[in-house]
Each structure stands twice: as structure tokens, then as C-alpha cells.
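Chains as they are written, first to last, in my numbering: chain A, 1 to 295; chain B, 1 to 295.
By construction, these hints were calculated from the structure, which means they are not laboratory data. No experiment lies behind these values; they were computed from the predicted model shown. Worth double-checking, as some hints may not be accurate.
Chain copies aren't distinguished; within one or between two, either way the pair holds.
[Stated by the list, open to error] Listed below are the simulated DSS-like cross-link pairs for lysine-lysine, each with C-alpha atoms no more than 30 angstroms apart in a straight line: (1) Lys173 with Lys30; (2) Lys30 with Lys246; (3) Lys99 with Lys64; (4) Lys98 with Lys4; (5) Lys140 with Lys30; (6) Lys127 with Lys45; (7) Lys274 with Lys30; (8) Lys57 with Lys173; (9) Lys57 with Lys9; (10) Lys140 with Lys57.
There are 2 protein chains.
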Amino acid sequence: MEIKSELEKRISEIETIIEQYLPREEGYQKTVLRAMNYSVRAGGKRLRPMLMQETYKLFGGNSKVIEPFMAAIEMIHTYSLVHDDLPAMDNDLYRRGKKTTHAVFGEAMGILAGDGLLNFAYETAAKSFFLEPENPNTGKAFSVLAGKAGIYGMVGGQTVDVESEGREVDEEKLSFIYRFKTSALLESSMLVGAILAGADEGQQEVIESVAGLVGMAFQIQDDILDETSTLEVLGKPIGSDKKNHKSTYVSLFGMEASRQEVERLTLQAMEELKSLSLENEFLSELLLYLIHREK
Amino acid sequence: MEIKSELEKRISEIETIIEQYLPREEGYQKTVLRAMNYSVRAGGKRLRPMLMQETYKLFGGNSKVIEPFMAAIEMIHTYSLVHDDLPAMDNDLYRRGKKTTHAVFGEAMGILAGDGLLNFAYETAAKSFFLEPENPNTGKAFSVLAGKAGIYGMVGGQTVDVESEGREVDEEKLSFIYRFKTSALLESSMLVGAILAGADEGQQEVIESVAGLVGMAFQIQDDILDETSTLEVLGKPIGSDKKNHKSTYVSLFGMEASRQEVERLTLQAMEELKSLSLENEFLSELLLYLIHREK
Numbered sequence: 001m002e003i004k005s006e007l008e009k010r011i012s013e014i015e016t017i018i019e020q021y022l023p024r025e026e027g028y029q030k031t032v033l034r035a036m037n038y039s040v041r042a043g044g045k046r047l048r049p050m051l052m053q054e055t056y057k058l059f060g061g062n063s064k065v066i067e068p069f070m071a072a073i074e075m076i077h078t079y080s081l082v083h084d085d086l087p088a089m090d091n092d093l094y095r096r097g098k099k100t101t102h103a104v105f106g107e108a109m110g111i112l113a114g115d116g117l118l119n120f121a122y123e124t125a126a127k128s129f130f131l132e133p134e135n136p137n138t139g140k141a142f143s144v145l146a147g148k149a150g151i152y153g154m155v156g157g158q159t160v161d162v163e164s165e166g167r168e169v170d171e172e173k174l175s176f177i178y179r180f181k182t183s184a185l186l187e188s189s190m191l192v193g194a195i196l197a198g199a200d201e202g203q204q205e206v207i208e209s210v211a212g213l214v215g216m217a218f219q220i221q222d223d224i225l226d227e228t229s230t231l232e233v234l235g236k237p238i239g240s241d242k243k244n245h246k247s248t249y250v251s252l253f254g255m256e257a258s259r260q261e262v263e264r265l266t267l268q269a270m271e272e273l274k275s276l277s278l279e280n281e282f283l284s285e286l287l288l289y290l291i292h293r294e295k
Numbered sequence: 001m002e003i004k005s006e007l008e009k010r011i012s013e014i015e016t017i018i019e020q021y022l023p024r025e026e027g028y029q030k031t032v033l034r035a036m037n038y039s040v041r042a043g044g045k046r047l048r049p050m051l052m053q054e055t056y057k058l059f060g061g062n063s064k065v066i067e068p069f070m071a072a073i074e075m076i077h078t079y080s081l082v083h084d085d086l087p088a089m090d091n092d093l094y095r096r097g098k099k100t101t102h103a104v105f106g107e108a109m110g111i112l113a114g115d116g117l118l119n120f121a122y123e124t125a126a127k128s129f130f131l132e133p134e135n136p137n138t139g140k141a142f143s144v145l146a147g148k149a150g151i152y153g154m155v156g157g158q159t160v161d162v163e164s165e166g167r168e169v170d171e172e173k174l175s176f177i178y179r180f181k182t183s184a185l186l187e188s189s190m191l192v193g194a195i196l197a198g199a200d201e202g203q204q205e206v207i208e209s210v211a212g213l214v215g216m217a218f219q220i221q222d223d224i225l226d227e228t229s230t231l232e233v234l235g236k237p238i239g240s241d242k243k244n245h246k247s248t249y250v251s252l253f254g255m256e257a258s259r260q261e262v263e264r265l266t267l268q269a270m271e272e273l274k275s276l277s278l279e280n281e282f283l284s285e286l287l288l289y290l291i292h293r294e295k
């Protein structure tokens, strides 16, 4: 499998799905709708909906009930970026080579576009109740989606991340930040896919663990790229962690140990995934690809 | 019925319910949890959960399934206040006689506390799926909760409200702002109560209309109080609409017409409610009380 061209094809398919759920830019409130769509359309790897869809397929899922959840997880991811970029947070003017939402639409609209995306994510996911009313797992999927995005998930991680700026953090706290700020949404993605496809409790536990490992590897790879990549490749200024005085895995343990940890986490994730004895070649290739990515 | 003392009793009962769903202030992320709880505990009339509970009772609802939704609607209302008060939005330092959330916890934590509350609202409401798994209406209740809070509800109204600052707005646009920014959450409150109790489609329509009328009356009364009340009674600076150069019903049509409109809307709401031929004396008294309130 030629992963890069396959990835591009999948990203384009996923974007077509997400596009169907974006609001039309009309009505008195159209500025916030434009700001939301601008943020979602700004690109990205669409990794979360992709992991959700592939995990859904892994467990034999084959209906459109997954699609509103795929759009929802990308909206949640996007809202978190929009709010993270605000002046009172990371104060970033560029992301993925484009101006950030508040840089284009102003700070108030940045706040409201984030709020709009977060609300609309749940409104969109709720469409699943009507698409497949007999699916007994939609309620649990909903519960996981909200839980992993919130104070015991991503928002919890963002809180500690913000409070740690300019301070030395130890390994335990850094691990909390990575697990909550980054892994939580990947766990949500893969778990929701598994749950909606009818995976049993044991299988759900394996998937949650795999996603947690992938999330940690993904975040450490992010730290590595922040020091070694270039503005052109990354689409955003490099060295932003240093600029914001943020402790990272690289600043704590050095580049070599970081590379080894990414490798170790990914291999463990692959092994746990294999223990399920289920086949999804693309999913395995995707996870391996993530540690070799350059942006 | 002595409405004032009855109201106090109900408010206290509702606060006991909400309190059970608030997060414990522990863990690395406890600052955001403290900020969230500070915001929710800052007081208020608890009007939304009260309307939800009373509408639920009106249609014969009698289980605890309503309680997570009651907590959720108050969290959604509170998140909207926290974000509205931010420097980039209304820039308010006081509300209900207390410092606003960002004034106490800083701007980044104000953003995150709002995000945390919004997410946690959906996480909390999702508990209903496990409390009453056989209730066929929870999915629709969820859908209404998210829909009325979002871009085709409150966030839509906030957007136009923010954009209209310092500009003259006409009656149609003002009506849009009031309907979306204020009525939408009251519609959500009463509709969710009706839906979870099993009201039929026709009854749901009546309830949505009643709530819409109550919301308009409530907002115009708010405008009146903003001009006629005092800091001590209202718990926040009066004249804030003028300060923020906001058009209101009072600035467009004058005080007398505004008072008459509140009366007219409320009586129409009462009449439509009566058409259901269902009894809830407290709910009727509550709606009447709202037009005579002084804060």
C-alpha cells in the first residue's frame, strides 16, 4: 500500500463527509458561520475522523451512523485549536500556513466560532439518534465524545498546559498534559468507532489503550517537529514551545530519548492492536506512518 | 400561593440537584473546576432548570431522568454568561453582585471554564441515557438541548448581538437577537421537559411557542430593569446597554410601549399554556411573576 497517496484519497473522502455537515453561510448570524467553516476548512490531517472511521470498520461497522460523529470530532478538534490560538491563550496568528480564526474575524468572533463549533459538534452527533434509532450504543458513544473532550479530557489538559507556561514541569505532570490534551481526543475517536460498531467491553478497553499510546507518540513527535522542522513544511512557526516557555518531552529528556519513546509507544500500540485478531491494513499502516511524519 | 417564598424553596431544591452534578475540585486541572463551580454557584434565578422541571411535571413526568438535563441547561446558561463577560465580548467585571469569572481567575481560565461548562453540560445530560435507557425520547431531548444552544439558537443570537454594538438595529434584527439569544434557551428548557415526559408533537409545538413568548417578555423586562433598577437590587451595574451602545426594545420603542409589550406577550403565553388543559399552578404563577420581577 502506498500510504501517502492512499492517505490523500482518504482525507479527501473524509472532507467530503464533513462538508455535508457544515452550516450554510446565511442568515443574520452568518459571520460566525463563516468563521466556523473557515476554521474547519483550513486543512489538517483529519486524523481523528479517520481513526474513528477505520476503527468502526475494524469492528465490522458499515452504516452511515458513523458520519455525524466523524464530523463532530473534527469540529471539537477545530474548536479547541480556535480557542487555543486566542490572545489570552497561545496568541498564535498562523496555523497550517493560514491566518488563525481570530486573526481574520476578530477576537469576539474567535470565541463565538469556537463555542459555535463545540455546540454544533453535539448537535451534529445527535443526528445519529435519528439515522439509526435502534442502535443501542449511540448514548454511550455520545457520553464518550463529551467526556473525552471535557474537564476529564482535553479541557483538563489545556488547563494544566496553560498554567504550566513558563514553569518547569515534572514527568508526571507532562504525562498528564499529553494524556489529556492530546490522547483524549484520539481515544474518543477510536472508542466511538468501536462502540458504534458494537465492540464488546474488553475490545473497547484495548482500543482505548491503543489510542492512548498513539496519542502520546503523536504528541512527542509534535515536540520533535517543533524543534527540527521548518515553517514551510510545518505551516506554522517552529520553536513555538520555546517561545511560549513550555516544557516538552524533548526539553525534559532530549531528542534521542524522544525519538526512542515515539518508536516504543508506537510498537506497543501495534502489538495491542494485533491482539484483537482483526484485520484493517490501512489502520496499521496509518499508525506506523504517524511516527515517520514530517508535519 | 405565596410565590416569593415558594420560589425561594424551589431555587434551593434545584441548587441541591445541580450541586450533585458539579465536579469535585481536585486533580491537576482543579483551577478550571474551581472556576466552573464559582460561576455556577454565583447565584441566579435558576429559571431554566425550574421551567424544565415544571414543564416535565406538567406532562406527568416523575422520574430522576430530568435531573441531569436540569443541571446541563444551567451549565449551558452559565457558560454563556462567562464567555459574554470576557474582555473581548461585553467586558463586564461584575455580575449578580460578584466578580465575574475571568475577573477572578484570569482571561485564559475564563475561556476554559466556559468551554469546560459547555462540554460538561453534554457529558452530564448524557447520564440520562444510563438512568432511563428505555426512554425513547432522550435522543430528541439531546438534539433540542444542543440545537437551541448553538448557531441556530443562543450562539447565533450572541453573534448578531456582538456585531450590532454601536449600531442602530431595526425591529426585525432586534427580534432575531432576542429570540435567539434569550428565548432559545427558555424554549430548550421547556421543550426538553415536555419531550422527556412524553408530550406529543402538537403539545411540543405549543410549549415551544409559550417559551418563545416568555423569553421575549423576559428580555424586554431585562431592558426595562437595565434602565430603572439600581446596582444594589440588580447586582450588576445598570445602564450597561447604553454603555455598550446596544439598541434595546426600550431604546427603540420607549418605556411605556415596552411595559405594554411585556404584558401582552405574557398574557398570550398564559393563554396558549391554558389551551393544553393541563394543571400546574406553580408554573402559571411563575410565568406571571416574571413580568413583575424587579431583578
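Is it within a copy, between copies, both, or neither that the alpha carbon of Lys140 lies no farther than 30 angstroms from that of Lys57? Cα proximity of Lys140 and Lys57: in one copy and across copies (18 angstroms, 27 angstroms).
Please work out whether the CA atoms of Lys98 and Lys4 approach to 30 angstroms or closer within one copy, between two copies, in both situations, or in neither? Within one copy, since 23 angstroms is at most 30 angstroms while 55 angstroms is not.
Using 30 angstroms as the alpha-carbon threshold, which applies to Lys127 and Lys45: within, between, both, or neither? For Lys127 and Lys45, the Cα distance is within 30 angstroms only inside one copy (24 angstroms; across copies 32 angstroms).
At most 30 angstroms between C-alpha atoms: does Lys274 with Lys30 qualify within a copy, between copies, both, or neither? neither (47 angstroms within a copy, 37 angstroms between copies)
Between Lys57 and Lys9, at a C-alpha cutoff of 30 angstroms, which is it: within one copy, between copies, both, or neither? within (17 angstroms within a copy, 53 angstroms between copies)
When no copy is named, should Lys57 and Lys173 be tagged within, between, both, or neither for a Cα gap of at most 30 angstroms? neither (35 angstroms within a copy, 47 angstroms between copies)
For Lys99 vs Lys64, is the C-alpha pair at or below 30 angstroms within one copy, between two copies, both, or neither? neither (33 angstroms within a copy, 47 angstroms between copies)
Alpha-carbon proximity context of Lys140 and Lys30, limit 30 angstroms: Classified as between; 26 angstroms across copies, 33 angstroms inside a copy.
As a check of your reading, is Lys30 near Lys246 (CA-CA no more than 30 angstroms) within one copy, between copies, both or neither? between (37 angstroms within a copy, 20 angstroms between copies)
Which holds for Lys173 with Lys30 at a C-alpha limit of 30 angstroms: within a copy, between copies, both or neither? between (41 angstroms within a copy, 13 angstroms between copies)
Of the numbered hints given earlier, the model fails hints 3, 7 and 8; all others are met.
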